[in-house]
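*Asks:* Below are the chains, spelled out letter by letter.
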Amino acid sequence: MERIPILRMGEFLLVTIQVDMHDQLALILQDDLTRAIEKQGAKGVLIDISALTMVDSFIGRMISDISGMARILDAKTVVVGMQPAVAITLVELGLSLTGVATALNVERGMQLLRRALTDSHDDDFIKR
Amino acid sequence: MATKNSLSAALQKRRADIRTMWSQQLQATLAGSAKGRISPEELNQQVDQFLRVFEPAVVSNELDDIGATEWADVREFLDDFSRRRALAGFSSDETATFIFSLKRAIFEVLKEESSNDAKQFAADVWEATLLLDKLGLHTVKTFQKAREAVINRQQQELLELSTPVVKLWDGILALPMIGTLDSARTQIVMESLLQKIVETESQIAIIDITGVPTVDTLVAQHLLKTVTALRLMGADCIISGVRPQIAQTIVHLGVDLQGVTTKANLADALALALKRSGISFTKS
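Listed in order, the protein sequences are those of chains Z and P.
If you count by my numbering, then the first sequence holds residues 1 to 128, one letter each, in order.
If you count by my numbering, then the second sequence holds residues 1 to 284, one letter each, in order.
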């Protein structure tokens, strides 16, 4: 069965969506990803959707769902590389993905995750 | 026998007289409103050109239908003529007068040629009137078309001109918006801005609305859409150039601009953008 690979990079997980998403694939990804976060204790998830040219409301909601699930599992999600057409479509669909962090490219997304991680370490330190 | 052809007979016989009378008539109008937009020589040239194509068409005896092949040359001349007039900024009546003023000259000649046959004269005049009216209307029609083409082109140019995306700094783009925002324009603005963000990998976009005369709920909604789309792509957005009146309107309308950074002027917005990018200046 077709699957979207989830790569591990230190404390982060990297998901690159290279194919056009369909609903079944999205649900499998949700499943795989939550399991991977739990298993590897990932602190951040980076979803690269730069190759995604078409979205519908389902995929839009899926992105925001994944972010919510990851947050509950104590991992921060960053969505990177959204194409202009995709962004416009999502806005027109009324999906503003509030609460989902975004970045222009993988590099910036990584920076964002690292910064978030150091911040949260500081928080833990203060609490102790 | 005086048939349909009395007009063509008059034209052939008194060509020079008609030309002189018509030309005089036109020069008289030229002295008025159309002054300076067309030279007397140019006008005479147009008169000659028209008569050159008009005469064979009349002689062909096909006076009822100016859509016929006999009138192709005349139509071609008139099309070109009205297009040029439209571009030169003439009004529609000024353009149509070119044809209508020929009536006087033709009537005068017909009167002199009719040799006191009132019935024949009336019939001839009626025929000439019908013909010239048709030609006049054709002129106006093409004039209108030419004007519409000009308007369409200008609209297109305006659309392209009104959405420049400028790079203020490495990673900082600005979009000075000018004119009223409607759905079509917002779409183009949004697309070109997002495209530029991808191309330049800029992190901050400043939308300057100093040139937007009024902001209503629709415009505010369009702005919010653009901001959201930018955020989805991972860029930050600052709206600058909010005038006091617009700030009042936005609050009165109950538009929620929370979560959107707004600044009163472009300078403040640029300062904030630089600060966010970690760039600082010192005065030397």
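Rather than coming from a laboratory, the hints here were simulated on the basis of the structure.
Warning: the hint list may mix true and false statements.
Cross-link-like lysine to any residue pairs, in silico, SDA-like; alpha carbons within 25 angstroms at most [what the hints assert, rightly or not]: (1) P:K167 - Z:P84; (2) P:K111 - P:S92; (3) P:K196 - Z:V106; (4) P:K134 - P:H222; (5) P:K167 - Z:R108; (6) P:K196 - Z:N105; (7) P:K225 - Z:N105; (8) P:K275 - Z:R114; (9) P:K196 - Z:D32; (10) P:K111 - P:P56; (11) Z:K39 - Z:D56; (12) P:K263 - P:F281; (13) P:K145 - P:P164; (14) P:K196 - Z:D48; (15) P:K275 - Z:N105; (16) P:K225 - Z:L97; (17) P:K196 - Z:A101; (18) P:K167 - P:L270; (19) P:K167 - Z:I88; (20) P:K167 - P:A184; (21) P:K225 - Z:K39; (22) P:K196 - Z:I4; (23) P:K196 - Z:L97; (24) P:K167 - Z:S57; (25) P:K111 - P:V53; (26) P:K225 - Z:A51; (27) P:K141 - P:K111; (28) P:K225 - Z:E92; (29) P:K196 - Z:I28.
Stretches of chain Z that chain P covers, calculated by requiring three or more beta carbons in the stretch to come under 8 angstroms of a beta carbon on chain P [claimed, not checked]: (30) 7–14; (31) 70–77.
Using N, Cα and C, we set each Cβ at its ideal position, and we do this for glycine too.
*Asks:* Take the hints in turn and mark each one as holding or not.
*Replies:* Outcome of the hint check:
1. P:K167 - Z:P84: It holds: about 18 angstroms lies between the C-alpha atoms, which stays within 25 angstroms.
2. P:K111 - P:S92: With a Cα-Cα distance of about 30 angstroms, the restraint between K111 of chain P and S92 of chain P is violated, given a limit of 25 angstroms.
3. P:K196 - Z:V106: Status holds; Cα separation ~18 angstroms.
4. P:K134 - P:H222: Since the Cα atoms of K134 of chain P and H222 of chain P sit roughly 49 angstroms apart, the hinted pair is violated (cutoff 25 angstroms).
5. P:K167 - Z:R108: Holds. K167 of chain P to R108 of chain Z sits at ~20 angstroms (cutoff 25 angstroms).
6. P:K196 - Z:N105: holds (14 angstroms)
7. P:K225 - Z:N105: holds (21 angstroms)
8. P:K275 - Z:R114: holds (20 angstroms)
9. P:K196 - Z:D32: violated (35 angstroms)
10. P:K111 - P:P56: Between K111 of chain P and P56 of chain P the Cα gap is close to 22 angstroms, so the pair holds against 25 angstroms.
11. Z:K39 - Z:D56: violated (30 angstroms)
12. P:K263 - P:F281: holds (20 angstroms)
13. P:K145 - P:P164: Violated - the C-alpha atoms of P164 of chain P and K145 of chain P are around 30 angstroms apart, more than 25 angstroms.
14. P:K196 - Z:D48: holds (19 angstroms)
15. P:K275 - Z:N105: Holds, because 21 angstroms separates the two Cα atoms, which is no more than 25 angstroms.
16. P:K225 - Z:L97: holds (12 angstroms)
17. P:K196 - Z:A101: holds (21 angstroms)
18. P:K167 - P:L270: The hint holds at about 11 angstroms.
19. P:K167 - Z:I88: holds (22 angstroms)
20. P:K167 - P:A184: holds (24 angstroms)
21. P:K225 - Z:K39: This hinted pair is violated, its Cα atoms lying about 38 angstroms apart.
22. P:K196 - Z:I4: violated (30 angstroms)
23. P:K196 - Z:L97: holds (22 angstroms)
24. P:K167 - Z:S57: With Cα atoms ~33 angstroms apart, K167 of chain P and S57 of chain Z exceed 25 angstroms; violated.
25. P:K111 - P:V53: holds (23 angstroms)
26. P:K225 - Z:A51: Given that 25 angstroms is the threshold and the Cα spacing comes to 23 angstroms, the pair holds.
27. P:K141 - P:K111: Given pair K141 of chain P, K111 of chain P is violated - Cα atoms ~31 angstroms apart, limit 25 angstroms.
28. P:K225 - Z:E92: Holds: K225 of chain P and E92 of chain Z sit about 8 angstroms apart, inside 25 angstroms.
29. P:K196 - Z:I28: violated (34 angstroms)
30. 7–14: violated (count 0)
31. 70–77: violated (count 0)
Hints 2, 4, 9, 11, 13, 21, 22, 24, 27, 29, 30, 31, counting from the list given before, are not met by this structure.
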